[in-house]
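Protein chains: 2
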Amino acid sequence: MTVLVVGSVALDSVQTPEGTSLETLGGSAVYFSLAASHFTDVRMVAVVGSDFPEEHTHLLSSRGIDTRGLQQREGRTFRWEGVYEGAMNEAITLETQLNVFENFQPVIPPEYRDSDWVFLGNINPGLQKQVMEQIPGTRLVAMDTMNFWIQNSREPLLDVMKSVDLIIINETELRMLADTVNIIKGAKIIRNMGPTAIVVKRGEYGSALFYDNQWFFTPGYPEELVTDPTGAGDSFAGGFMGAVARAGRIDMETFQEAMIYGSVMASFNIQRFGPGMLTELTGELIETRFRSFQDLVNLHRSRLTPG
Amino acid sequence: MTVLVVGSVALDSVQTPEGTSLETLGGSAVYFSLAASHFTDVRMVAVVGSDFPEEHTHLLSSRGIDTRGLQQREGRTFRWEGVYEGAMNEAITLETQLNVFENFQPVIPPEYRDSDWVFLGNINPGLQKQVMEQIPGTRLVAMDTMNFWIQNSREPLLDVMKSVDLIIINETELRMLADTVNIIKGAKIIRNMGPTAIVVKRGEYGSALFYDNQWFFTPGYPEELVTDPTGAGDSFAGGFMGAVARAGRIDMETFQEAMIYGSVMASFNIQRFGPGMLTELTGELIETRFRSFQDLVNLHRSRLTPG
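Protein sequence lines, in the order shown, are assigned to chains G and Z. Here this note's numbering is used: the first residue of the first sequence is 1, the next is one more, and so on. Here this note's numbering is used: the first residue of the second sequence is 1, the next is one more, and so on.
Please note: incorrect hints may appear among the correct ones.
To be verified - Under 10 Å between C-beta atoms, here's a sample of chain Z residues computed to sit facing chain G: (1) Ala-87; (2) Glu-90; (3) Ala-91; (4) Trp-215; (5) Phe-217.
To be verified - Now the stretches of chain Z that chain G is said to cover, found in silico as 3 or more residues with beta-carbon under 8 Å: (6) 60-70; (7) 101-113; (8) 293-300.
Note that these hints are calculated values from the structure, not bench results. Every residue, glycine too, gets a C-beta built ideally from N, C-alpha and C.
Take these sequences, add in the hints, and give me the full structure.
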């Protein structure tokens with residue numbers, strides 16, 4: 001019932017039409033862990049620099065996240081600066097300072113090696129492979145990736161994909177990876193690359209799951225106030241994997257519920273700068289929004305009166 | 001239980017990555033009527049030229065569509081030529097020959113004046129207004145429009161919108177009309193312009209309904225073969241209005257079902273060039289796909305076994 005995540009920890013500076021944030025806690029491992037921590041135990045593998053504020057580590061621990069795999073190295077923490085414009089569907093990167101993340105070597109602590117559920121955040125596919133070699137006895141391995149690796153590390157990426165169970169990917173990345181504009185065709189092409197389950201993140205349009213020759217769709221949450229989309233994809237992945245690990249099952253029904261929990265966590269996360277919303281949520285708020293998501297798509301037949 | 005549609009009848013020439021069509025039957029009134037004819041009686045008001053092939057009128061009649069309001073004028077029928085590229089989300093117009101459509105004056109035959117359900121296809125807002133003045137005693141009037149009228153006839157458009165009940169509009173048009181990128185905000189702005197119900201067509205991402213302060217979403221149908229998106233929006237509108245008229249009710253539950261029927265009709269229509277699929281469908285095929293649409297979004301909880 002424990003989820004292991006390998007990814008980045010960053011200090012993010014973000015500008016959106018709603019305002020700005022400066023060096024807030026961020027990174028794929030952070031958003032993932034905080035979202036997943038509402039469903040299950042989480043173990044984190046990542047690297048930070050000697051300048052990493054201790055309060056951030058305390059925040060993670062306060063959510064019960066196991067940070068024994070969080071290496072601290074001499075130097076500065078990974079920093080990312082970006083802007084979102086208009087409908088905020090895509091970030092424009094202003095600056096990336098890899099810092100200690102540049103030479104990140106993921107080491108899985110011995111205490112983590114019995115992890116059944118694993119999420120390989122968006123890092124170099126070669127490192128994703130190294131992680132998998134250190135934990136051979138998993139029940140489900142999921143991965144993320146990005147356009148940079150699809151274009152520049154295609155072979156190592158295809159190699160990792162052969163041995164993962166699930167890929168969680170943006171729609172534009174799916175099109176690039178499968179070399180087709182039709183995501184239905186694209187999902188089938190990616191299915192043949194290895195992953196038996198494909199989750200397509202579609203920004204404000206929600207997400208789509210392809211598994212066992214079936215499709216399942218969730219809409220984006222109809223929210224007037226989108227403050228900062230940073231971390232939406234990783235919050236989604238955290239909610240998804242957390243829900244799967246909590247259920248302890250690998251089947252279409254579990255994945256469907258996980259899709260909704262992923263959407264719930266992403267929809268909360270984007271309401272504020274940084275991951276603050278994810279730390280304040282309660283199980284009750286999560287379950288209420290889970291039901292709202294169902295109401296967005298389900299016919300209310302029970303309310304029908306004879307015409 | 002009769003739907004009246006006012007719109008265009010055209011001869012369309014279309015190029016898509018899947019092939020080409022030459023002067024096939026098209027136009028908003030045609031796609032709408034053929035889709036709606038599977039649910040209810042349909043009355044059409046439109047104009048064609050003296051070159052309009054008689055077989056097309058016979059095809060409409062064979063689906064039970066009342067064409068007494070289809071005027072035939074001296075001259076050529078409206079012609080449209082367009083291309084769809086890539087993901088085929090938007091048509092690129094190569095040529096528009098308005099021909100007899102340029103001086104179209106919609107006249108509602110006396111036999112049509114008891115129509116309860118009306119769809120004002122995408123024509124000049126001034127003409128939409130003229131139609132409404134000829135049929136004062138309706139139960140529900142729906143309208144479509146397009147970027148051209150939003151930009152060039154804003155005042156007449158806002159004037160029509162004041163008295164319609166429902167607007168069925170593309171997402172990009174909604175953003176333009178409401179002057180906001182957030183469609184949730186946009187729908188509320190448009191609600192204040194008059195229509196109590198707003199249906200947003202989102203192409204491959206499906207559609208969204210805003211009514212009674214609630215949202216309802218349907219996904220696009222996961223189809224590998226998209227042959228020609230021409231008429232998708234009008235097929236959607238036809239399925240939607242046909243289903244509402246058949247139910248004979250104006251409430252959220254009816255609109256939700258109508259959203260799915262609209263999506264069903266659009267998803268069939270795009271599988272072939274021209275409106276051919278709409279003429280061959282059976283009630284059974286429609287109901288089967290209706291249930292498929294529900295399966296795309298509904299949790300299969302009944303299949304869950306204790307974990």
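Hint by hint, here is what the structure shows:
1. Ala-87: 4 Å, holds
2. Glu-90: 13 Å, violated
3. Ala-91: Interface hint status for Ala-91/Z: violated (15 Å vs cutoff 10 Å).
4. Trp-215: 5 Å, holds
5. Phe-217: Cβ of Phe-217/Z sits 4 Å from chain G, so the hint holds.
6. 60-70: violated (count 0)
7. 101-113: violated (count 0)
8. 293-300: With 7 residues closer than 8 Å to chain G, the segment 293-300 of chain Z meets the three-residue bar; holds.
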